Structures are given as C-alpha cells and as structure tokens.
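Student: Each chain, written out:
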Amino acid sequence: MVAPLNADQPAAAGAAPLQALVERARALSEDVQLEAVRAWKAAHPGRIAVGSLPVWAPRELIHAAGGLPVGVRGGGDGVEVVRGDAYFQSYICQLPRSTLELALDGSYDCLDGVIFPSTCDVIRNLSGMWQLLLPGKYVRYLDVPQSLREDLGGRFLEHELRTLRDELGQLAGAPISDDALRASIAAYDAHRRAIEDVYALRAATPWLAPSWELYLVLRAGDVLPVEEHTAMLREYRELAAASGRPMEDQARVVLTGAFCERPPLGLIQTVERSGCAIVDDDLALGLRFIRGDVAPPPDEDPLAALARAFLARGRRCPTMFLPDDAGQAKGEALVEDARRAGAEGVIFAAASFCDPALLDQPMTAKAVEAAGLPSTSFKYAENTGQFQPIREQTGAFADAIKIWSDA
Amino acid sequence: MTATPLPAAPAPQKDRSQERQKAMLAEHFARLAAAPETGAKVVYTFVPGNLTELLLSFDILPVLPEINALQSGMRQRSREFIREAEKRGHSEDVCTYVKCDLGMKLKGNVGPTGDRLPNPDLLLLSYTGCFTFMKWFELLREEYRAPTCMLHVPYQADGKVTPSARDYVVRQLREEVIPALERITGRAYDEDRLREHLRRSAEAEEDLVRVLRSARRRPSPIDGYFGAVYYVGPIFSSFRGTADAAAYYRELREEVDERVRLGLGPVTPDGPMGPERFRLVVEGPPNWTSFREFWRMFHAEGAVCVASTYTKVGGTYDEGFRHDPDRPLETLAEYCLGCYTNRSLPTRVDVLCRYMDEYEADGLLVNSVKSCNSFSAGQLLMLREVERRTGKPGGFIESDLVDPRYFSAANVKNRIDAYLQMIEQRRRGAGA
Amino acid sequence: MRCFVGIDLGSTTTKAVVLDEEGAVLGRGITNSRSDYDVACAVAQREALDDARLTLARRALPALGRGAPDEVLTPAAQEALLRRLEQRFRLAQHLVQLDLLGAEVTAELPAVERLFPGARLGPAIAQLLEGLRAEAPAQFLGGELPRTFFRDLAASQWARGAQAAAVPGERPYEALLGAFDKAILKVEGRLFDLGLAAVVGQAVGDLVEAGEIPGGRAGHVERALAGAVAAPLEVAASVGTGYGRARLPFPKERIRSEILCHGLGAHIMFPRTATVLDIGGQDTKAIQVDPDGIVTGFQMNDRCAAGCGRYLGYIADEMNLGVHELGPLALSARKQVRISSTCTVFAGAELRERLALGQRREDILAGLHRAIILRAMSLLARSGGVKAELTFTGGVANNPAAVAALRQLVREGYGEVPMNISPDSIYTGALGGAHFARRDVLAGAAA
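Quick mapping for you: the protein sequence lines, in order, are chains A, B and C.
If you want the numbering used here, it's the 1-based position in the first sequence plus 118.
If you want the numbering used here, it's the 1-based position in the second sequence plus 98.
If you want the numbering used here, it's the 1-based position in the third sequence plus 434.
These are calculated hints, taken from the structure and not from any lab test.
Check the hints yourself; a few may be wrong.
List of simulated lysine-lysine pairs, DSSO-like, C-alpha gap at most 30 Å [claimed, not checked]:
#1 B:Lys258 - A:Lys255
#2 B:Lys185 - A:Lys520
#3 B:Lys185 - A:Lys497
If you want the ones that stay clear, here's a sample from chain B, every Cβ over 10 Å from chain C, calculated [said to hold, decoys possible]:
#4 Gln116
#5 Arg181
#6 Glu184
#7 Gly187
#8 Asn217
#9 Tyr242
#10 Arg264
#11 Arg281
#12 Asp342
#13 Pro367
#14 Pro423
#15 Cys451
Note that the structure is predicted; figures quoted are calculated from it, not measured.
Just so you know, even glycine gets a beta-carbon here, dropped at the ideal spot from N, CA and C.
Next up, chain A with everything else stripped away, as it sits in the complex:
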C-alpha cells in the first residue's frame, strides 16, 4: 500500500471540530466522579439517575422512567484506591475496587440506584456489598437467563424486567408506560445504529477512526443522555470520515476479552502505535449488546420485545452459556466477526482475574487457530501502567501478520 501524498498535511477543514469533539469525549470519559451526572440532575430536578455495571442492563427502562442511565465502570487509572482495596483480596480483578472506592467517597451519591447484572460472581457479590455498605440505596441484581428458550428463559427475563420496570417506576415517582418504553427503545435503537455505523467506518478505514478516539467517544456514553450520545457518535462519524487522515498500512486485528473491566486508554494507544489497527472489539460491549433493532410492531408488548431481542440477538460473550443446539460455538462466532471485519489476527486481552474471559479463552483461541487466524494474548488491569511489554508483544504480532500476508 502507498501512503497518500498529503500524509504530512494536517487534515484540512475538519480538524478543529473533530479535535474539539474528541476532547469533549475525553473529558466525559475521564469523569469517573460523575460531575456530568450531577449537572444533569441539577438541570432536571426530580428526575433519577440510575447506574448499571457491565455487561448488559436494560438502559431503555431507566430512560423510560425519565431517568439518566449511567455506566458504572470503575475508576480506570484515574482513581487512587484505598478503601476499595480494603475489601478485596489480591486475586480479585480491579474494577470492583475502584468502583467501591468511588461509591465510598461519595462520587455515586448522585445515583438513585444501581443495577448489577449477572455478569460474574464478583459483580454479583458486589451487589450484596452495596446493600451492606450503602443501606437505603436502591440495588437491583438483574439475573439474566442462561436458558435461551423463549418459554423458559424468555419468560423469566420478562418477569425480571417487569420487576425492574415496577421498581424504577416507583423510584421515579410514576409508573413506566408502554408508550414511554417504546419511545426509549426507539432512542436506543438509534443509538445502537449510530455505534454500528462508527464501527463500520473503522472496520473499513481504520486510519480515519483510530480506536483510541472511538474508545473515548464510546465511553462518553456512560454519562451522556442517549440522545446526546447518539448525536455525538453521528457527528464523530461524519467528521472522522471527512478527516482526510492518511491511510496507514497496519495489521488488522480484533481485540477481544475486554467486555467488562476497561483497559486504560494508553493500552489501546499502545496497541495501535505498535502497528495494529483494531477493526473490531468488545470494549463497552454493553452499549451494543443487542444486535439490531429492538422496536416491536405497534401491537406487541415492548417489554416482551426487549426480552426476546436479548435472547435472540444478544451477543454471545463469555458471560453467556450457549446450548448445544446454538448452531455455532463462541469461538466460531468470534472467527465470523473477525472475518466480517476483515481482521487478520486476534488479540486476546482479558482483565487479570476475569473468570469469564480467561476460562473462555482456551476454547475461543482453539477455534481461532483452527480458522488459521494468528492470535496473541495478554492480561491487563484498568490501572495498568506498563505498556512496554505489550508494545513489544503486539508490535511483533503486527510484524508477523504483515510478513505472513506479504508472503
């Protein structure tokens, strides 16, 4: 591949607005103390803000209650953890430590409640710790079904969602109407499409939408109202597409395993600078957990539609069990995603001590290998500060891919 002649030229007219947008996203993604949420609540008196932990939670229901859904995703590398560490042994991942630190230092006081989805034992138990440490706060453990049959798991999930809907209605002071839920589902369908559009742009032309930028833009969605975040995503897509950034010859990779605890921004930058273009990933997977639209036909119950969409089109991430007749093992699904994104290799990046990701990895790695895709793996924590070994590893990986593809 040949770089365009204007490689050294700044990307013309679009640069300033793009930079401004990314800087805004950066500020929002670093807002682990939820200043933006406090500001939103001040501007919307009487309305609720409800947090949710990874991976998936029905943000549509919070939205339908007139509330602000907030992503509770730990403190990244921006929080000094003292009290959080006091409650966790060294063999437990980092996310609950910084999350608890923020809960105990009052950062989450602006949240009227928190939803803990059934992601793993640690997040499950964290729901109980929340009950013990923050009595009086609304806590909902959301058990999502591992039976994907509509008459079994679907029925159960519908009941769970109905309970949540009732409780959120009580919290907000008014029951959630079907119409409100429909409108919220529509808002989130638009949001999901906006995310997929950005992902599609990056998969096609990764040099136009580098992953570290996309990562910041996605993370801004933790604290922004969905409408604003959808607008930000669309604007980002347009600006990035028109940025005129020079094409780069990089190894195209999928980054997988990072669906819960988030790697620090520096890690994503390290991977990219070492010569890898990330063309698909499972970062912030909760935002795009359901593939496609949820909106039901007008005569159908919107809540049931949400439950059905989860069962039929929920991503098969390591927190989910796939029945024998699922048709496709998780490894095969990963290979298919990689192919679709035109990836030449897979990077397994799991958070240290992340049971779901690490226990899945040998299975998915086997499938990736069988498909002839090269792969490499490392572990990280949200506050990892050492990028040099990762730079060397992914750099060597990128070189190997390029040699292989040139051969």
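Since the structure of chain A is already known, use the hints to place chains B and C on it.
Tutor: Relative to the frame of chain A, chains B and C by itself:
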C-alpha cells in the same frame, strides 16, 4: 465447591458409620468403573444444586468433578493436573478445581480408586451459586463432545425464593432436564420413584441436622468444619435419597449422641482432641492439599470449629429445608435455590451471626480461597459486619482449594496462632 | 539479678531485649538471622545480655566514689569509660571472629583450589587476614562503632583486599571471594564466649593513659567495674516471637505470635498507641490495640509481597542505589508520578519504562513511596482504621519519604492523628516478647 473425601484420606472417626461410608464409595466407584460393560448411564454434575434423587429415579450414576478435583488435591496429584491444564492455555488466575479436573481428564481420567472414570452420557450443568460451573462444563463439552443440559438457578439476590425463580427452575426441570434424562436412558420419568427417594432424603437430612447441631454443646462432640466435611459427603454427592445414606446418617447420629452422653470432644486424624479452648465459626471452603496439616493447626491449639458455611454449599438443611416428596419438582427447585453460595451477602452475614450466637462461638475465621470468587468476593466485608454485630473478633487467612502453590503452611499457621492468641489475650484481659 | 528476655526471630535479623525486674530495658541485641536460627537466637540473646551488663556498669559507676569524694569519676570520665569498654569489647569480639574466619578459610582452601586449577591462594589469604586484623583497632577504637554485622563488615573489606591481591589464573578474584563465602557461613554458625570482664582492664588502662582517670584510682575503678559487669544475670523467663518462631528453641507456651508482641511492644514504647503499622521486609501488619496493649484486631498482607520493604529493595537494586538513599531522594521530588501497581514482579519493568519516558527519578520514587503507603492504608482500613495514636514500626519506618507519605494519607483519610516512630522500632516485637515473659512470671507468682 464441595466435599466428600474418600477414606483414603485421614478418617476422623473410625466408627461404623465411617466404615459404611467407605463401603458406599467403593461400591459407587466400582459401578462407575463397570459402566462401560453394564451400560449404566453416567451423568456429570455439580454438588450445589445437584438433582441426585432425580438421577437415581432414572438409575443414572452421577460423577461429581468437584469431588474428583478435591480428591486429587488430597492425593497430592492436583499440582501436576493443574500444570497440565495451564500448559494447554489456562490462566494461572482461574479456578483450580476446573484446571485440576481438566488435567485429570487429560491424564487419563483415573479416579480416586485407581479406576478409569467413564465418559459422561450427559453433562448436567446445575448452575447454582457459581458462574465458573458454566465455563467448566463448556470446557468439558469440548473434551467429551457430550450433550449438555443447563439448569439455570437464579440467585437469591433479595434473600428469599421468589415464585418466579421457583417457577423458572421447575419449568426447566420439566422441559429440559427430565426430557434430557429420558433421552439418554430411553426411560420415562417415574414420579413415584422420585418421591420415594425424596422421602429417604428427608430422613437423612433430619439426622444430619441433629449431628451438626450437636456442636452447640460444650464440649462439642464433633468438629463442624474439618470433621463435618466427611459427614456431609454422602448427602452432598451421589447418595442423597438412597437407603444407604439414610442408614449412614442414622448410624452417625447414634454415634454422636453417644459421644454427647459421654461428654467427649471431637476425634481428629491425630486422635481425640485435647480440652476445648476455642470455639470458632468458619466461613469458606478448606484447603485440600494440606487438609490434615490445616486441621492440626486448629485442634493442636484446642480450637474446635463449631459451625461452618462450607458444609451448607450442598444444601442448607439446618435452616429447616427438607426435601418434600409431596411436591417433587418444586422441592428440588427450592433446594437448588437455597444452597449457601446462592444466597446474597446480607443473608450470608445473617447466617454467620446466627451461628456465632447459637453455637456460642469465640470468633469467626474466614478461609478465603483464591479459586472461588463466589465465596471469596466480599468476605472481608462480611467479616467486618459479623465483628460489628457480634462484638467477637474475626480472623482472616488465605489459601486455595487444590493449588499447593497457594498454601503457605507457615503463613497460615502464623495467622491462626496470632488469632487464637488474640482471643485468649482478650479473654484474660490486661493482666495476662 | 532476675531478668526477662524477648527474642524476635525475623527473616533477616534476630533481635533480643532484656528487661529488669521493674520492666525497664536493660539491654538489646541484634544479629543477622543466618541459616541457623538456634545460633541467631543465642547470639542475639548474648549480645542483649552483654548490653545489659553495660547498663549495669552505667548504673554502678556514679556510686563508685560514694563516701569518698576523691574517688568520684566525673560524668565525662564515666561516659568515656563506658564508651571505651564497649569499643574494647566489640574489638575483642571482632578479633575472635577474625581468628575463626582464618581457621575456616584455611580449612576451605583445598576445596576452593580444586575448583580453580592452577590457583595458589594460601599466601594471598594469609595477607588478607593480616590486613583485616591490622585494620581492626582503627575501626573499633576510633570514632563511631561500625553499625554492620561482622559478616558485612568483613565481606566488604575482604572484597576490597581481594580485588587488590587478585592475579588471573594464580589468584583469581572469584576464588578469593569463594573461600570467604564458604568460610563465613561456618563462622556465623559458631558460638563463642567472651565476657565483658575480659576487657575491663584494657578499657581502664586506655583511659588512664588518656589522662581521664587518675592512675592511682585505676585499680579501684577496675575492681568496681569488673564487679558490675560480672553481676549474675538470671534469665527468669524468655518469650520468643517472629516469623521464624516455630523454629525457636523454646517450649510452645513460651512462644507468642509476633502480632501480639508487636502490639504490646508498641504500647510499651508509646502507651497511648491505638493502631500499629509495621512494614517489614517480608510483610506488612496493621494492628489495633486496646489501652492495655492487648490486640483487638489485625490484618496482614496476603501472599503477595507488594508494598513491603522487599519491594523497596528491588527498586533500589534497579536504580543502583542503597535502600537508605531512596527516601531522601524521593523527598526531593518536584512532582509525584502516579504509580498504580506495586507488584514486585513488574517493578523493574515499570521503572525502566518510566525512566525511558524521561520522568525524573525523584518523581518516580515519590510516586512509589506513595503507592507502598497506599497499600498499607488499605490494610489499615481492613483492620479497623487508624485511631489515635498511630505507631509506625519496621524497617520502612526509617524511610523519611514513607513516613511523609503516611502522614499525608492518614491526614487525608482520618484527620490529624498523632504518629509515633521510635528509633528503636526494630526492637518492638522483642520488647513485647520480653514484657510477656515478665507478665507470665508475675502472674505465675501471684497465682
């Protein structure tokens, strides 16, 4: 996550009940070894949320990989098994039961009696109280290419069994589990047989509870943690609902009643325990690779464990639950939902505080195992809560289930000694 | 007189404290823990008892001239005499050990020479030993007494001498060092008996010569001093503690956990202690004690050594600095680099990376000290928090940057809490042990 040490391991009480348990296990493993010839069907499943009565009603032989793993730990084989699994790409970070079991499979699947274990006809994934179970059987599915049947048991997040959760489990039993068992055995579900087994379960449960509660006496006639892992063996594994198990628990109860009558304390692998000096409640599973040494750190100091939560992972009978033959599937669902690690943290704190009170304990000791986040995540907070509510001191030690790399005897003993001496000091006051 | 001994057998050093009948500290002793714990304990106890005898001498001297004014030694002369006594004693000990070293090195020679064909080490070694012996008086009789153990003192001198004496092939440097390394292990395993009484005459003589003591009084002073240092010390009870306490040559009931000893020791040193933080080489302890020094709760770090003294050791090695240099350097930082991980395994890599990024060594070190203390803060929180007063013990308490970070983080988390640090904090565990020994005897007598 659970216990049934074979008698190959140190036997705490060479009583008739112990002999019976030994014979039961030997017979069970012999039947498993013969399964390829006899054509008996084999189901792999987990201890918490096990459906033994239902399996028995189909004449299915259960295999419990957790117990194989802990046996491997006691037989000092776990180190090589874990290494084998890590060689195949498993992370050092994850559950060592899983790695130990996979390693055993990779090394020929030879069970604790030296016989090769039969391959599963079905992997019955009773997903109760632990996410790792799910991964475990996904991994085994790849190894054995066996059909897998998921029984998803929801978490008791609000400290009670909700009708929706019970209904969900019952419907899965009826529409997924029973048809799967019918498929592999070619037999129809026989509810009358199931009821019969459930009736025997309830009998045994009654006796077990009486045995566990005997520790309320001073001195306690049993050790409710190290000793009790042997007592819960049959009922947590392949025997709940059998006539053998009912007989075992009757016998055990009589033996313990006799110890009470004679005012005797527990028997340990090193002989009868000396005078009772400390009464502890223990939270968390034991370490299996140094089980005997671990126990000695307690009994040598006159510390008896009067109650433990680990002995409730396969059922919380002491809280009043009994299998009810009149509501066969509902009772199985309630059983699954009630297992200890399926309880919310506030409920677990309540249980511990109740034990502290009812068993007149001097303190709560937490053995936090690296492998088991289901148990371990939050234990430090639980400890603090129990201390706060009871005013009794808590102790905290760390080890692992079957990874000998994570059991530092010097370190563990150091903490146990310091903890017991602290209790002693506080008891004696400033003058000591 | 009756006395009580506490021995703290740590992973790197073994400490002993001797108390008198009233519970006052009579003496302290410290030695490296070496491979033989029995010997380490015996050496530490012997040193503490010798130190106790110096204390007895110090108590005896002012009474020397009672009733006879011309016999009174001036306070300055008393001080000088005691100082000389200690110097002479340490020199005598050193010379005894040099003799042992000579014997052992000679014994090891054939084995070492076999490993280095063509090497003839005998003459060089004799010369080395002679050199060490010749340097000794200046080392001990000059100003400050050396603060290192015999092993370290001799090793550095030996290495210097070996470097000068080395000739490739005939007297390889490695061979000369190898002979020392083998011999020193044996020397450390040997117990020798040398009483203070043996050097009283020399010490007095020295001072007469220096004109500090009138010649006519020499005999009298010597007799009095010899009497004081020879006073029978009966060890009424001893209690052992520390990491290696299971290996202590003590019966079980004489062994106490280091947590209890540390709690009591801190209480004795600072009676208003409520919380104790101890950061040692291998582990960190957070202890809560009641107003009587009884431990009410504690937490120790888990199997991961992150945040312990050893971590600072790695960092020092990585930066080619002595451990004691780290703190002062960190204090000169202009800003603090945020360090997220205190994992010992990755310490080197992270350090190199940050240095490569152009971050200042001082600023990185400041961040590292804060990171270590953050871990300690978590442990303190786990044990029940920080209550007034806080007593900070262990080797890391000697590090000014660690102390500063602790003060700041305690203030941020708990407000103003008085903090105590004793220069003798290394003896905290042994002090607690000695007090347990004393309490046991008093309680037994009362019963």
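Student: It remains to establish, for every hint, whether it holds in the given structure.
Tutor: Evaluation of the provided hints:
| no. | hint | verdict |
| --- | --- | --- |
| 1 | B:Lys258 - A:Lys255 | 19 Å, holds |
| 2 | B:Lys185 - A:Lys520 | 28 Å, holds |
| 3 | B:Lys185 - A:Lys497 | 17 Å, holds |
| 4 | Gln116 | 31 Å, holds |
| 5 | Arg181 | 19 Å, holds |
| 6 | Glu184 | 17 Å, holds |
| 7 | Gly187 | 21 Å, holds |
| 8 | Asn217 | 37 Å, holds |
| 9 | Tyr242 | 35 Å, holds |
| 10 | Arg264 | 38 Å, holds |
| 11 | Arg281 | 47 Å, holds |
| 12 | Asp342 | 42 Å, holds |
| 13 | Pro367 | 20 Å, holds |
| 14 | Pro423 | 47 Å, holds |
| 15 | Cys451 | 17 Å, holds |
Hint compliance for this structure: every hint is met.
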